[in-house]
Amino acid sequence: MNEANHPGRFEQHLEGQAWYYDHCPRIDTVVRVEDLTDYMKTVMNVEPYNCNVDGKYELTRDDLTEEDIARIRENWAGDFLLEERFKELFWINPTK
Numbered sequence: 247m248n249e250a251n252h253p254g255r256f257e258q259h260l261e262g263q264a265w266y267y268d269h270c271p272r273i274d275t276v277v278r279v280e281d282l283t284d285y286m287k288t289v290m291n292v293e294p295y296n297c298n299v300d301g302k303y304e305l306t307r308d309d310l311t312e313e314d315i316a317r318i319r320e321n322w323a324g325d326f327l328l329e330e331r332f333k334e335l336f337w338i339n340p341t342k
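Numbering-wise, our numbering puts 283 at position 37 of the sequence shown, and it's gapless, one number per residue.
There could be a bad hint or two in this list.
[As the list claims (entries may be wrong)] Taking CB as the label site, the calculated pair distances span:
id : residue 1 : residue 2 : range
1  : C270      : A323      : 16 to 22 Å
2  : H269      : E330      : 16 to 22 Å
3  : A316      : K287      : 32 to 38 Å
4  : I318      : P340      : 28 to 34 Å
5  : R272      : E330      : 17 to 23 Å
6  : L335      : T283      : 17 to 23 Å
7  : V292      : D314      : 32 to 38 Å
No lab work stands behind these hints: they were computed from the structure.
Cβ atoms here follow ideal geometry from the backbone N, Cα and C, with glycine treated the same way.
Based on the provided sequences and hints, a complete structural model is requested.
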């Protein structure tokens, strides 16, 4: 993705997922990040690579001010609506 074919921010880390959902021709399954490891093992039959997503520098809710939270909700407002929009596509682990 670049500025020529993406009208939003160039920095993908700042871009919400809603833009991609709105422009994707077909969505079969949505997996929450906290369920991704189970999905990969159960459905894809692969062992996920354990990168440092649980590093010691991870922020928690307690690290954020109310202003921080308001800015997050404003910036990714569309993402907060994805679960409602695509609720029937969310993968649920049948073994849990």
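Name the hints, by number, that the structure is in violation of. none
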